[in-house]
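Student: Please arrange chain B on chain A, whose structure you already have, making use of the hints.
There are 2 protein chains.
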Amino acid sequence: MEGKTVVVVDAMGGDLAPVEIVKGAVEAVQKNDRVQVILTGIEEQVRAELGKYSYPEDRISVVHASEVITTEETPVMAIRRKKDSSIVVGQKLLKSGEADAFVSAGSTGAVLVGGNLVAGRIRGIERTPLGALIPTKTGVTLLVDSGANADCRPSHLVQFAQMGSIYMENVIGIKNPRVAIVNIGVEEEKGNALVKDTLPLLKNLENINFTGSIEAREIPNGGADVVVCDGFTGNVILKLYEGVGSVLIGTIKESLMSSLRSKIGALLIKPALKGTLKKFDASQYGGAPLLGLNGLVVKTHGSATANEVCNSIIQCITFKEQGINEKIRAVLGREARTKEDKEEA
Amino acid sequence: MEGKTVVVVDAMGGDLAPVEIVKGAVEAVQKNDRVQVILTGIEEQVRAELGKYSYPEDRISVVHASEVITTEETPVMAIRRKKDSSIVVGQKLLKSGEADAFVSAGSTGAVLVGGNLVAGRIRGIERTPLGALIPTKTGVTLLVDSGANADCRPSHLVQFAQMGSIYMENVIGIKNPRVAIVNIGVEEEKGNALVKDTLPLLKNLENINFTGSIEAREIPNGGADVVVCDGFTGNVILKLYEGVGSVLIGTIKESLMSSLRSKIGALLIKPALKGTLKKFDASQYGGAPLLGLNGLVVKTHGSATANEVCNSIIQCITFKEQGINEKIRAVLGREARTKEDKEEA
Chain A
1 MEGKTVVVVD AMGGDLAPVE IVKGAVEAVQ KNDRVQVILT GIEEQVRAEL
51 GKYSYPEDRI SVVHASEVIT TEETPVMAIR RKKDSSIVVG QKLLKSGEAD
101 AFVSAGSTGA VLVGGNLVAG RIRGIERTPL GALIPTKTGV TLLVDSGANA
151 DCRPSHLVQF AQMGSIYMEN VIGIKNPRVA IVNIGVEEEK GNALVKDTLP
201 LLKNLENINF TGSIEAREIP NGGADVVVCD GFTGNVILKL YEGVGSVLIG
251 TIKESLMSSL RSKIGALLIK PALKGTLKKF DASQYGGAPL LGLNGLVVKT
301 HGSATANEVC NSIIQCITFK EQGINEKIRA VLGREARTKE DKEEA
Chain B
1 MEGKTVVVVD AMGGDLAPVE IVKGAVEAVQ KNDRVQVILT GIEEQVRAEL
51 GKYSYPEDRI SVVHASEVIT TEETPVMAIR RKKDSSIVVG QKLLKSGEAD
101 AFVSAGSTGA VLVGGNLVAG RIRGIERTPL GALIPTKTGV TLLVDSGANA
151 DCRPSHLVQF AQMGSIYMEN VIGIKNPRVA IVNIGVEEEK GNALVKDTLP
201 LLKNLENINF TGSIEAREIP NGGADVVVCD GFTGNVILKL YEGVGSVLIG
251 TIKESLMSSL RSKIGALLIK PALKGTLKKF DASQYGGAPL LGLNGLVVKT
301 HGSATANEVC NSIIQCITFK EQGINEKIRA VLGREARTKE DKEEA
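Residue numbers (this note's numbering), protein chains in the order written: chain A, 1 to 345; chain B, 1 to 345.
Isolated chain A (complex conformation) (with noise of 0.2 Å):
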């Protein structure tokens, strides 16, 4: 496994598992060289998952796990309770270190509670957040919150930036990306107490390119490359993004087939508007990240299918081969000492 990445996959979360989760992951062996794939759930069911292709057998490898965590438990609970489930068990392969990465498609709060109480926090990290890639006009945005922590501090908010920033510089391949924060105007005296709490300090921070507010107008314009927010606001953000977007395009189509005129019109305006709506497809970016935790945990869409596994898996490459970890420790990790050091002085 020299120089591999080693990507967990949960082949037991979401809605269409273990079928399209198992065919996502034989998809990125096949794809790229570079990935072995531990796939953890019911054996049986797996391996029959698997015995439908033919593919490099040697790196894909499957570790039973005799529970499934489902999205109506209570996360803290099902975490606890459930520790030969697939989330626990593959979340110990990161901790342990005989994996880079953990994708699931499972359930965000058991994955995000897992990540935290199983493979655990890097040193100095105060809160993981879900960074989620929106698509936008001019190509796609990292929002961070963008809900794993609905209430959080300014220091939290500063983290969520720096991580955010190194997330979209090294795996997603944006330089300098501009960093701005949520908010409801632009000017100085704007914001609720946490926006206005986090300004000055976000603006103190060497180590990013803080642009200022960012109102949520802009967003789907590509006005910054990293969005921070707390995650009750990034959540909304995130759902609302897809409503708008859904209802729109659905009530755009309906019209489109109320007469005959426009049935033809829509005809020969399908191949045009085809290409449009994929721009807004956010999947082929992959998968959530959740930032800042021993190795990597990405969570893919409950709906995910074969093609958005599989490019989950493969955004974990990038995320091991640029030593992210290292770089959020290089950064995050120092100041943590720092503020440490000064309040042992």
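Honestly, the hints are just simulated from the structure, not real lab data. Source: prediction; values computed, not measured. One or more of the hints may lead you astray.
Unchecked claim - The following label-pair restraints were derived from C-beta to C-beta distances:
1. Leu205/A to Asn32/B: 52 to 58 Å
2. Gly139/A to Glu72/B: 31 to 37 Å
3. Thr70/A to Lys278/B: 42 to 48 Å
Quick reminder that beta carbons are idealized off the backbone N, C-alpha and C, glycines included.
Tutor: Here is chain B on its own, set in the frame of chain A:
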């Protein structure tokens, strides 16, 4: 003026003032004979605009105000210093009872601050939220608070829910409106501290039809008639709504111009598409009401044209005729008095 609704209109506020504002006022008195308009602003300019139209002249009067508040000014300073501005002069007419409502397309901050400092709050109302009417798949939803109060307490959200419910039922005419709180999941344990503390209070209210949490994704689907949140979250929702919509439509339009085939298709679908997009234009409902003041204050878009100004003025008639403030006073004033009595005892 017996029985008529008297609406003061800030003739100097907005990007297109005084031209479109005066035109909108003229349209309002032409359309509806139950309204009387007072225009506040620089008399010479206002009269010059009025001179362009023929209209029942006894239905529009002008009250001179020598100063204008711009959107660049700090609201509190502007309201305190510019005592002879169109906003302050107009809101004084509300305070004195000479007018029932005040409509402005000017600085949102100044209109809000003026509402609280000049017109004054109904006794018992802790905070006055801005209620924006946002278009949905099935109609229109009141988003309250859409930006007036960035930081809120649970008791504020409870009053927003009650005032919003009264507004939607009586002004927009939705029977027993469904009231929901913005949340990041519908499960019991979801939410930030504010939402978790507010949920049990809303559940215990008997005078509203509270349906629980709503995820942002469901807002464009028309999942609730009144959507309650703090002003920071509400402003993010309002602006993202506009942003996603305009970027998506802009990108679709661009793609339609990309080939001859799609251009012909675009011509064919134009009528059907136009009807659909009009459905998503909330300007037909008028402006955003600022709830809980002595008299109605309506904030229209800074870019409001005559049509939106006219609709905002006409919206005030229902507000007055349905006795909204009396209803707010009856429900919330009573609760406030009970609370005060308890505290005194």
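Student: If you check the beta carbons of Thr70/A and Lys278/B, does the distance land in 42 to 48 Å?
Tutor: Since the Cβ atoms of Thr70/A and Lys278/B sit about 44 Å apart, the hinted range of 42 to 48 Å holds.
Student: Is the distance from the Cβ of Gly139/A to the Cβ of Glu72/B consistent with 31 to 37 Å?
Tutor: holds, 32 Å
Student: Do Leu205/A and Asn32/B keep their Cβ atoms within the hinted range of 52 to 58 Å?
Tutor: holds, 56 Å
Violated hints: none; the structure is consistent with every hint.
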